[in-house]
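Asks: What follows is each chain in one-letter form.
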Amino acid sequence: MSEDEELVKAVLARAPGAFERLVARHQKLVWHMVYRMVQHPEDARELCQDVFLRVHERLDQYRFESSLSTWIGRVAFSIAGRHLEKKKLPMHEAREQDEDAEPAWQQVSDGFDLEAACADHETMQLLQQAIEKLPALQRTLVTLYHLDELGVSEIANITELPEGTVKNYLFRARAKLRATLEAKLGVAA
Amino acid sequence: MNTRDRELEERLQAEAEAAERQQLPAGGNPVVDEYRLVLRALRQPPFDGLPMDFAARVARRAIYAEERGSIEDWIITGLMLGLAIGAMYFLQPLAVHIVAAFHVSLPSVPWPLLFAAALAVAGAWAVEQGLAKK
Chain A
153 MSEDEELVKA VLARAPGAFE RLVARHQKLV WHMVYRMVQH PEDARELCQD VFLRVHERLD
213 QYRFESSLST WIGRVAFSIA GRHLEKKKLP MHEAREQDED AEPAWQQVSD GFDLEAACAD
273 HETMQLLQQA IEKLPALQRT LVTLYHLDEL GVSEIANITE LPEGTVKNYL FRARAKLRAT
333 LEAKLGVAA
Chain B
642 MNTRDRELEE RLQAEAEAAE RQQLPAGGNP VVDEYRLVLR ALRQPPFDGL PMDFAARVAR
702 RAIYAEERGS IEDWIITGLM LGLAIGAMYF LQPLAVHIVA AFHVSLPSVP WPLLFAAALA
762 VAGAWAVEQG LAKK
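Order-wise, the sequence lines are chains A and B.
With positions in the first sequence counted from 1, the corresponding number in the numbering used here is that position plus 152.
With positions in the second sequence counted from 1, the corresponding number in the numbering used here is that position plus 641.
Chain B on its own, in the form it takes in the complex:
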């Protein structure tokens, strides 16, 4: 369809829409009348397939889903908490061993020196960040 044809066709469609809106009598241009028939067909709704109580039913389901969701959240939180406490209880002896071994493997550096080193690293990092921004 070339541009001219397209423009003509668009004009006919617009005329049909206007004629339908203004409820003009038919019988002018047969093409416009055919478009008017098309528009009437398009305005016919598809059959209503939703049950009469659809809104009430969906609302009930939404509330149920929400309540079930919050109950499930509570159950999951409880289970996770139980699992964490259980794990801590059963893994405590093992954890004590691991921490002790870690402590032994650390070199015997005095704590004030470690603290000063950490402070120096943090200071250097802060200075570098400041320079990078500039």
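Chain A with its partners taken away, still in its complex shape:
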């Protein structure tokens, strides 16, 4: 029996402390997703709580067809998505503006020093701000892929998007972030 299965069975059997263990194990993933989607700490905290209450309520419907983290991720994605809908906040960008733009690889700064840039607080802050400015869906996808290290198929499962779309969004988000970095380096040069 897998760890997930054991834990789910313990929660369903009302074993003391089992649900707390489940929450502790998955709260980081849920926080990353929800916070990156709604970008409002207070709302994100409330929504994280709602996610786990929903998980507790519906755990008997979990059929072990995907990993528990994917299933919980799907609950989190749906709750945060509904929150954005309610607040009339866009999930996608109205129009992809980078389609016709000059490709980022053609804009190259001279003498880029990776380690110095990484240590530069201002540059990293600029990138963090650029991440926050990405459309909600792209922010979520890059977080799941790069921070939580989920695979494309798992992310597709959580978001119910085709794998090709997930890959496309990841590509665009990274290209956009590099373009932001490039613009900053261009100004600085």
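No lab work stands behind these hints, which were simulated from the structure alone.
Treat the hints with care, as some may be off.
[Stated by the list, open to error] On the chain A side, residues computed to face chain B include the following (Cβ under 10 angstroms): (1) GLN179; (2) SER218; (3) SER219; (4) LEU220; (5) SER221; (6) ALA327; (7) LEU337.
Glycine included, each C-beta is placed from N, C-alpha and C at the ideal position.
Dock chain B against the given chain A, drawing on the hints supplied.
Replies: Relative to chain A, chain B alone:
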């Protein structure tokens, strides 16, 4: 962005990912290095906004919600049952009148004949269902 540009850009992104995974030294292609910086920024977690005791707190709330839910279920069932008994008690005289009036309005057909008619209708329906399946 045309297909060629797109493929090149994808290759650069893949190279950056591989270089980060293998922790290769920087300084090769500046574009790849810029992508590596982007990847490092993406790996930084957002601030941890959940309280230390989040898991314990949510678990307590879930158990409380469940207990409250079952108590509410019992209360609702009790109220519905009470309401049904009360309704039966108060509506009994009226119901007796309605049933009596219904009985009076029925034509005086002998019960065996009614039973035979019902049996015939049921039989006809069963035959029709069987034919429809064929």
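Asks: The structure should be examined with respect to each hint, and the outcome stated for every one.
Replies: Comparing the hints with the structure gives:
1. GLN179: holds, 6 angstroms
2. SER218: This hint is violated: SER218/A lies away from chain B, its Cβ roughly 22 angstroms from the closest one there, beyond 10 angstroms.
3. SER219: violated, 19 angstroms
4. LEU220: At 15 angstroms from the nearest chain B Cβ, LEU220/A fails the 10 angstroms test, so the hint is violated.
5. SER221: violated, 15 angstroms
6. ALA327: Cβ of ALA327/A sits 6 angstroms from chain B, so the hint holds.
7. LEU337: Hint on LEU337/A: holds, closest Cβ of chain B at ~8 angstroms, below 10 angstroms.
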